[in-house]
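The listed protein sequences derive, respectively, from chains P and B. Quick note: the first sequence uses the numbering used here, first residue 9, plus one each step. Quick note: the second sequence uses the numbering used here, first residue -18, plus one each step.
Take the hints with a grain of salt, since some may be wrong.
[Said to hold, decoys possible] Keeping only pairs whose Cα atoms sit at most 16 Å apart, straight-line, the calculated EDC-like set for lysine to aspartate or glutamate is:
hint, chain 1, residue 1, chain 2, residue 2
1, P, 82, P, 67
2, P, 124, B, 149
3, P, 64, P, 121
4, B, 198, B, 218
5, P, 64, P, 43
6, P, 70, P, 29
7, P, 126, B, 218
8, P, 117, B, -3
9, B, 126, B, 149
10, B, 176, B, 218
11, B, 137, B, 115
12, P, 151, B, 218
Hints in this document: simulated from the structure, not taken from any laboratory. Bear in mind the structure is a predicted one, so any value in this text is a computation, not a measurement.
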Amino acid sequence: MTSSKTIVLRSSDGATFEVDEAVALHSLMIKHRIETGGADSTTIDVPEVTGNTLSKVIEYCKKHVEAPNSDDLKSFDTDFVKVDQAVLCHLAKASYYMNIKGLLDLSSKTIADMFKGKTVEQIRETFHIKNDFTPEEEEELRKENSWNLFV
Amino acid sequence: MKIIITSSRLRLPQRDIISLLLVSSPLNRTLVTLPSLWLVLDFHEMNNAGDRLIAALSLPRYHNVKQIILEFAQGIEDKHLSIIRSQFSGSLKNLEHLNLNRCQKISDNGIEDITKASPSLKIFSIYWNVRVTDVGISHLVNNCKHIVDLYLSGCKGISDKSLQMISESYPHLESLDITRCVKITDGGLQHVIVKCTGLKNLNLYALSSFTDGVYKKLSLLTELRFLDLCGAQNLSDEGLFSIAKCKNIRTLNLTWCVRVTDAGVIAIAQGCTNLEFLSLFGIVGVTDKCLEALSKFCSNTRHLM
């Protein structure tokens, strides 16, 4: 099997992205697909990820593959995650499925930092999560875990 | 969505992870089944720590806890440890690291209870507790067979007897801190040096009654990387000639070792070529002569006082 210079990645919504193979290999999932794939391994489907997110993932991989030792890598990463919470969650999910450790760590850590010091209500609001506990259940949970709080 | 987030090595403070439990029931269900989130219980500087610990251990998600931190916590007493032993022994079977630093109310009885419940303990730290005696240490060695790091700084009640028990039970001990354990004499320390030959970190800070008789035996500790001899007023160059045979020493504190002269330090320079940190503070008998030797032989020395 000869390795082609570029690979085409296809998102869940049919968007296609042509990338250098070296950049694509930054995703261990794609690396595995290429190594175990047959003659048609030039186009790879990534059905777990939409076009918008895939485009950002590729941007990340490009930077990290093409300039891994550059001085501005850190500031690139910092700016890269200055996105709204929904995009951040999509990035985390995509990096998990595509097995891109650096991006997974970066996006998870950013999300984790968004939890820090927030009350339960604030977390629900930030991440648009519905409270599906009954008042009794919630009260029970709070009591059960009250040992954890500074009085 | 949350499944992804939580499976990606979240490192949140205890308080935030528990807040997440209350956010929604799917999130709650996901989090309680992730074992890695529930391995540490941290009550440092908290009040009512005994009650808090008992409340936490009653929750199933903490039944594999590996580390409990009670450093500077208030309200933790023998009675709490007794309750934990009688009701929650099952939860502590995997406990590896127990920090009771500055829990001044804990006595030998508390130690007996908590060690009985924690047979897998590897790291035990109980500094600044003057109630603990050799009896408490006997409970430790009887109940916990796998101790690797033992921190007893300021436990002034322990004597040579404890060191003898420690040396007989823990031949694979790697770290020992007996700072200010002033009852210990050459005899006690010698037991440890002879039997715990894999020792990497030895802290003898503020112990001024040892003599060269035991310091010379330190050459047996070939794995030693950290040695704190601050205040070792009887340590002479003779002792240092032996210590110089410990080739792996990275950190050596000779602050206030007032009998040391250039000859001893030069021997260290020639022998401990991996030295990174050396303190000669308070020693009037050393001159620039030894500094020359140090720069010649120890290229890694980064900090010199």
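Non-conforming hints, listed in increasing numerical order: 2, 3, 5, 7, 10, 12
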